[in-house]
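**Q** Each protein sequence line maps, in turn, to chains A and B. Residue numbers for the first sequence follow our numbering, beginning at 1 and rising by one. Residue numbers for the second sequence follow our numbering, beginning at 1 and rising by one.
These aren't lab readings, by the way, just hints derived from the structure by calculation. Be aware that one or more of the hints could be misleading.
Copies of the same chain are indistinguishable here, so a pair counts whether it falls within one copy or spans any two.
[Said to hold, decoys possible] Pairs of lysine to aspartate or glutamate, DMTMM-like flavour, derived with a Cα cap of 20 Å:
no.	residue 1	residue 2
1	480	378
2	17	58
3	484	436
4	39	356
5	17	78
6	39	283
7	311	122
8	484	463
9	156	380
10	139	258
11	11	62
12	17	109
13	142	71
14	156	13
15	17	54
16	17	129
17	206	329
18	484	230
19	142	165
20	156	453
21	11	58
22	39	235
23	177	369
24	17	43
25	496	356
26	475	436
27	11	109
28	17	62
29	39	231
2 protein chains.
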Amino acid sequence: MEPDVTRTYQKFETLWKVISALGRAAGKIQWDQQVMMPKQGGDMCAEELAALEEIHHERMVDNELWRILCDLRHAASEGFLDSMQSANVRLALRDADRARVIPVSLASDIARQACIGEQVWEEAKGRNDFAMFAPHLAKMIKLKRAYARYLAADLKDLYTPLLQDYEPDFTAAEVTKLLSDLREQLTPLVERVISMPQPDCSVLKKVYNADGLHRLSQRVISLMGFAGGEDSRLDVSAHPFCTGTLKDVRMTTRFVPEDGLEAFYSTLHEAGHGLYERNLPYDQAGMPVASAVSLGVHESQSRFWEVLVGKSRSFLRYIFPELQNTFPDMLANENSDSLYRAFNAAQLTPIRVNADPLTYNLHIIVRVDLEPLLISGDLEVLALPEAWNRRFKELFGFTPSDDAHGSLQDTHWSGGSFGYFGTYTLGNELSCQLYEACHAAYPDLENHIAAGDLMPARHWLREHIHRHGSLYDAKTLIKKATGKPLGCEALMRFFKKRYEDVYQTSL
Amino acid sequence: MEPDVTRTYQKFETLWKVISALGRAAGKIQWDQQVMMPKQGGDMCAEELAALEEIHHERMVDNELWRILCDLRHAASEGFLDSMQSANVRLALRDADRARVIPVSLASDIARQACIGEQVWEEAKGRNDFAMFAPHLAKMIKLKRAYARYLAADLKDLYTPLLQDYEPDFTAAEVTKLLSDLREQLTPLVERVISMPQPDCSVLKKVYNADGLHRLSQRVISLMGFAGGEDSRLDVSAHPFCTGTLKDVRMTTRFVPEDGLEAFYSTLHEAGHGLYERNLPYDQAGMPVASAVSLGVHESQSRFWEVLVGKSRSFLRYIFPELQNTFPDMLANENSDSLYRAFNAAQLTPIRVNADPLTYNLHIIVRVDLEPLLISGDLEVLALPEAWNRRFKELFGFTPSDDAHGSLQDTHWSGGSFGYFGTYTLGNELSCQLYEACHAAYPDLENHIAAGDLMPARHWLREHIHRHGSLYDAKTLIKKATGKPLGCEALMRFFKKRYEDVYQTSL
Numbered sequence: 001m002e003p004d005v006t007r008t009y010q011k012f013e014t015l016w017k018v019i020s021a022l023g024r025a026a027g028k029i030q031w032d033q034q035v036m037m038p039k040q041g042g043d044m045c046a047e048e049l050a051a052l053e054e055i056h057h058e059r060m061v062d063n064e065l066w067r068i069l070c071d072l073r074h075a076a077s078e079g080f081l082d083s084m085q086s087a088n089v090r091l092a093l094r095d096a097d098r099a100r101v102i103p104v105s106l107a108s109d110i111a112r113q114a115c116i117g118e119q120v121w122e123e124a125k126g127r128n129d130f131a132m133f134a135p136h137l138a139k140m141i142k143l144k145r146a147y148a149r150y151l152a153a154d155l156k157d158l159y160t161p162l163l164q165d166y167e168p169d170f171t172a173a174e175v176t177k178l179l180s181d182l183r184e185q186l187t188p189l190v191e192r193v194i195s196m197p198q199p200d201c202s203v204l205k206k207v208y209n210a211d212g213l214h215r216l217s218q219r220v221i222s223l224m225g226f227a228g229g230e231d232s233r234l235d236v237s238a239h240p241f242c243t244g245t246l247k248d249v250r251m252t253t254r255f256v257p258e259d260g261l262e263a264f265y266s267t268l269h270e271a272g273h274g275l276y277e278r279n280l281p282y283d284q285a286g287m288p289v290a291s292a293v294s295l296g297v298h299e300s301q302s303r304f305w306e307v308l309v310g311k312s313r314s315f316l317r318y319i320f321p322e323l324q325n326t327f328p329d330m331l332a333n334e335n336s337d338s339l340y341r342a343f344n345a346a347q348l349t350p351i352r353v354n355a356d357p358l359t360y361n362l363h364i365i366v367r368v369d370l371e372p373l374l375i376s377g378d379l380e381v382l383a384l385p386e387a388w389n390r391r392f393k394e395l396f397g398f399t400p401s402d403d404a405h406g407s408l409q410d411t412h413w414s415g416g417s418f419g420y421f422g423t424y425t426l427g428n429e430l431s432c433q434l435y436e437a438c439h440a441a442y443p444d445l446e447n448h449i450a451a452g453d454l455m456p457a458r459h460w461l462r463e464h465i466h467r468h469g470s471l472y473d474a475k476t477l478i479k480k481a482t483g484k485p486l487g488c489e490a491l492m493r494f495f496k497k498r499y500e501d502v503y504q505t506s507l
Numbered sequence: 001m002e003p004d005v006t007r008t009y010q011k012f013e014t015l016w017k018v019i020s021a022l023g024r025a026a027g028k029i030q031w032d033q034q035v036m037m038p039k040q041g042g043d044m045c046a047e048e049l050a051a052l053e054e055i056h057h058e059r060m061v062d063n064e065l066w067r068i069l070c071d072l073r074h075a076a077s078e079g080f081l082d083s084m085q086s087a088n089v090r091l092a093l094r095d096a097d098r099a100r101v102i103p104v105s106l107a108s109d110i111a112r113q114a115c116i117g118e119q120v121w122e123e124a125k126g127r128n129d130f131a132m133f134a135p136h137l138a139k140m141i142k143l144k145r146a147y148a149r150y151l152a153a154d155l156k157d158l159y160t161p162l163l164q165d166y167e168p169d170f171t172a173a174e175v176t177k178l179l180s181d182l183r184e185q186l187t188p189l190v191e192r193v194i195s196m197p198q199p200d201c202s203v204l205k206k207v208y209n210a211d212g213l214h215r216l217s218q219r220v221i222s223l224m225g226f227a228g229g230e231d232s233r234l235d236v237s238a239h240p241f242c243t244g245t246l247k248d249v250r251m252t253t254r255f256v257p258e259d260g261l262e263a264f265y266s267t268l269h270e271a272g273h274g275l276y277e278r279n280l281p282y283d284q285a286g287m288p289v290a291s292a293v294s295l296g297v298h299e300s301q302s303r304f305w306e307v308l309v310g311k312s313r314s315f316l317r318y319i320f321p322e323l324q325n326t327f328p329d330m331l332a333n334e335n336s337d338s339l340y341r342a343f344n345a346a347q348l349t350p351i352r353v354n355a356d357p358l359t360y361n362l363h364i365i366v367r368v369d370l371e372p373l374l375i376s377g378d379l380e381v382l383a384l385p386e387a388w389n390r391r392f393k394e395l396f397g398f399t400p401s402d403d404a405h406g407s408l409q410d411t412h413w414s415g416g417s418f419g420y421f422g423t424y425t426l427g428n429e430l431s432c433q434l435y436e437a438c439h440a441a442y443p444d445l446e447n448h449i450a451a452g453d454l455m456p457a458r459h460w461l462r463e464h465i466h467r468h469g470s471l472y473d474a475k476t477l478i479k480k481a482t483g484k485p486l487g488c489e490a491l492m493r494f495f496k497k498r499y500e501d502v503y504q505t506s507l
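Same shape as in the complex, but just chain A:
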């Protein structure tokens, strides 16, 4: 690099690493809120997150940073920057550009309302009291609508700028198209599978003790290559999630009696997210390229480990003895085959997070159908429960018993995450494309998995996804890793193969 460019780039690094550290600090405080905070600490916590958001925003829109980035964009176009550096400049410009159109007061209002709204939602859901939550949802929608208006290229499409917070390279139209393509093929398959004689799933309804589940969760995390208290933590929270990055990755799970063995799969899921964060390029720590490219790609990692690996015959063959040793009484009459069928059995449930892989995406369709209407104002908050139940019935054939099993079930909207749900389906589709590519690279992949060796899969994902961070945009990364653009074909092939095997039939 030219000496001048070197100095300018170093200045960019210094400024950006502070922004990045503020983001990580906020992440730790949100983790704390979910996992550690005494109950009455919520108001102070909301002030802390709002302050961090205000300053994060202020730093992001700083004029000095903007000037430096414009200089560096020029330097990149002249070939003075390497590919990682160019990507850092491109990504920083993208984020700064988005932030510069948002008033700082709006950004901190959203952060504060997210923190408060999540707490109210938690309580409202527990009481099945939509009316209690409604004013907070309305307030958040109003804030996010204002936010979208600042960003929208087309004021008639306020949904795209929101979803691009999570999936920067996709538009609302593209996500909707992916979902409707999938729906067309998925609905008849779901109908066929659901109408078949169902496997015995009573093993899933038993009550397993938390200690055993915790040991199994720790075990699966270490199988996936985490180094325990060196680089990660596993804790308990009301809703499982993963946060942190690089050498400090934090996953949570929950142990509640009605979840049966779900904690085990929840841990596999979150550890899939965690592995992505763990293996991002550490030499770029604090720079934009050392972050996940999008939530859809993130979700492809969690589903890869949870569904493609975790619920496969091969993995269950390996892990079954450990499951049975941990719960000898509960699993006395089971074997790896019976567990495989139970874990994969399709059923129509009102709750998204309880859904099997096959019907899961129908839940996403309900949400992605409704949320653009909430944002545009075509659907009033108070009319949401009824609209939800109607749309749900069209897809599932029955109406949820109450709002806690309907429109009140997810935390996302309380925290302002509109446009997030679609990324789950993108992730499901991508996980299957990745698995096919990984399998092509390692034809004996399943033998490794059946022997408890998860390293080939870990290695392939690290090589083709993790280590690149955000060097490529999502579409380019997907094409490079899997050889094709994102679509529903691999997912449908996976469903057909898995469900033919589970139901011992031809679909």
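Put chain B on the given structure of chain A with help from the hints.
**A** Relative to chain A, chain B alone:
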């Protein structure tokens, strides 16, 4: 208030609450570092704390804030502000004034080096390797010397500005005078007590299981009036501490075999700090007045509960059956009297945190003698271990076995806390003055304590110390609460009475 003043004051509140939230955020991240963080997360954590410190500092020195504070000082002098408001303005001006002379890069360098230095110290102490720690200590001393030079009224006294970070209303000369007054009376008393036949302390050397200690710790916290997961937490860390404030107070303890029953007293100590924070004026949350007035006053709270209440005959009479129920085998041959003697027995130990109340302050004198020399440069870092051992021998009559039991034992200097140690002695002295005043207000105080009723003491402290926050400066508060300025008389009276009772002799 005049409408203009009202608006100006509101603007001050808005600005200050962000500063305050940033401080709390940093506190949570430091707590996380000690209690929760995966080992390899240290470098990212240091960046987060440095970023928060940089921005905290930047906000503190903001010109708009300064102008507003100057306007409000004028409004206060004209009588437009109430006493809480005036105190907030006075305290904010004091803090902003100090911050405005410190370059932001120096402030964030200190924060970063503190985080790194503490990690190196931890390891160096474990290995008894002073040379490993020395360059980090030297770096921190250089930074703090620079810091002190910016603040010093007199460049020959760089120690006063450092200790005023912890004890704003005292000078180095005043602290030194308090310590030498105390030393004069204390040394002959220690000599007399140490030369006497010692009580049997073998009960303290036994190994108690962590579960029992944890239950007892939780029990004592709830006796003191904490509401469990509602307003507080108790966790485990390498070194016990207390952080957080108001409705989110976090205490830690440690359960290590060689500590015997120490965890129980460590919890009482930290909960004393915690109760102060818990009872600060919540309606002023986020404003300067809602904070502890000084570290000396803070320490008076912890010692009040640990030593004056916790190690008293009355409290031990109450708690002994619970201790014995928890550890029936270990305490089979004990009674409340034998425990009382063991817990209070005086002995000369090399380690400050293991010291009994009587000899504790001699440890402080070693440190307060040495640290001004480190700051002035008259004592080189590499000469510290020898200087420590020499001074220690003068006061204790023997030399520590190694640096881990000598100059490497405390974490304070690694984190840049020079001028902190003196506040322990101020706290010890004040705790006795407060106890005398509280006892005068509740003549049957000890009967309450003997019945497990700690509410009179809690109530009195809340009324005379906690609820005022920083409304008064430390000297005024001490005078109002105890009727006299700070001195060693009450502490010496306490020692005489307690040790005459423990050793059943006349001193």
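**Q** Now, for every hint given, state plainly whether the structure supports it.
**A** Against the structure, the hints come out as follows:
Taking the shortest Cα distances, residue 480 and residue 378 never come within 20 Å of each other, neither inside one copy (40 Å) nor across copies (64 Å). Proximity of residue 17 to residue 58 under the C-alpha cut-off of 20 Å is found in both arrangements, the shortest distances being 14 Å within a copy and 17 Å between copies. For the homomeric pair residue 484 and residue 436, the shortest alpha-carbon distance inside one copy (11 Å) is at most 20 Å, but the shortest distance between copies (80 Å) is not. Within a single copy, residue 39 and residue 356 get their C-alpha atoms no closer than 33 Å, and across copies no closer than 36 Å, so neither meets the 20 Å cut-off.
In this homomeric assembly, residue 17 and residue 78 never come within 20 Å of each other (Cα to Cα): the closest approach is 25 Å inside a single copy and 46 Å across copies. Proximity of residue 39 to residue 283 under the C-alpha cut-off of 20 Å is restricted to the inter-copy arrangement: shortest distance 18 Å between copies versus 38 Å within a copy. Neither within a single protomer nor between protomers do residue 311 and residue 122 lie at most 20 Å apart by alpha-carbon distance, with minima of 30 Å and 43 Å respectively. Proximity of residue 484 to residue 463 under the C-alpha cut-off of 20 Å is restricted to the intra-copy arrangement: shortest distance 17 Å within a copy versus 71 Å between copies.
For the homomeric pair residue 156 and residue 380, the shortest alpha-carbon distance inside one copy (17 Å) is at most 20 Å, but the shortest distance between copies (70 Å) is not. Taking the closest pair of Cα atoms, residue 139 and residue 258 never come within 20 Å of each other, the shortest separation being 33 Å inside a single copy and 55 Å across copies. In this assembly of identical chains, residue 11 and residue 62 lie within 20 Å of each other by CA distance solely inside one copy; the values are 13 Å within and 22 Å between copies. For the identical chains of this complex, residue 17 and residue 109 are inter-copy neighbours only, at 15 Å across copies versus 24 Å inside a copy, given an alpha-carbon limit of 20 Å.
Taking the shortest alpha-carbon separations for residue 142 and residue 71, neither the intra-copy value of 37 Å nor the inter-copy value of 37 Å comes in at or below 20 Å. Proximity of residue 156 to residue 13 under the C-alpha cut-off of 20 Å is found in neither arrangement, the shortest distances being 37 Å within a copy and 40 Å between copies. Taking the shortest Cα distances, residue 17 and residue 54 sit within 20 Å of each other both inside one copy (17 Å) and across copies (12 Å). For a Cα distance limit of 20 Å, the shortest separation of residue 17 from residue 129 qualifies neither inside one copy, at 43 Å, nor across copies, at 33 Å.
Taking CA atoms no more than 20 Å apart as the test, residue 206 paired with residue 329 passes inside one copy only; the shortest distance there is 11 Å, against 40 Å between copies. For the homomeric pair residue 484 and residue 230, neither the shortest alpha-carbon distance inside one copy (37 Å) nor that between copies (52 Å) is at most 20 Å. Only within a single protomer do residue 142 and residue 165 lie at most 20 Å apart by alpha-carbon distance; the minimum there is 17 Å, versus 45 Å between protomers. Within a single copy, residue 156 and residue 453 get their C-alpha atoms no closer than 51 Å, and across copies no closer than 67 Å, so neither meets the 20 Å cut-off.
With identical chains, the CA atoms of residue 11 and residue 58 are at most 20 Å apart both within one copy (17 Å) and between copies (18 Å). Taking the shortest alpha-carbon separations for residue 39 and residue 235, both the intra-copy value of 17 Å and the inter-copy value of 16 Å come in at or below 20 Å. Taking identical chains as interchangeable, the C-alpha atoms of residue 177 and residue 369 lie at most 20 Å apart only when both belong to the same chain, with a minimum of 12 Å there against 75 Å between chains. In this homomeric assembly, residue 17 and residue 43 come within 20 Å of each other (Cα to Cα) only across copies, at 12 Å, whereas the closest approach inside a single copy is 28 Å.
For a Cα distance limit of 20 Å, the shortest separation of residue 496 from residue 356 inside one copy, 14 Å, qualifies, whereas the shortest one across copies, 73 Å, does not. Taking identical chains as interchangeable, the C-alpha atoms of residue 475 and residue 436 lie at most 20 Å apart only when both belong to the same chain, with a minimum of 17 Å there against 74 Å between chains. When the C-alpha separation of residue 11 and residue 109 is checked against a cutoff of 20 Å, the pair qualifies only between copies, where the shortest distance is 17 Å, while the shortest distance within a copy is 30 Å. Within a single copy, residue 17 and residue 62 get their C-alpha atoms as close as 14 Å, which meets the 20 Å cut-off; across copies the closest is 22 Å, which misses it.
When the C-alpha separation of residue 39 and residue 231 is checked against a cutoff of 20 Å, the pair qualifies only between copies, where the shortest distance is 7 Å, while the shortest distance within a copy is 28 Å.
Of the numbered hints given earlier, the model fails hints 1, 4, 5, 7, 10, 13, 14, 16, 18, 20; all others are met.
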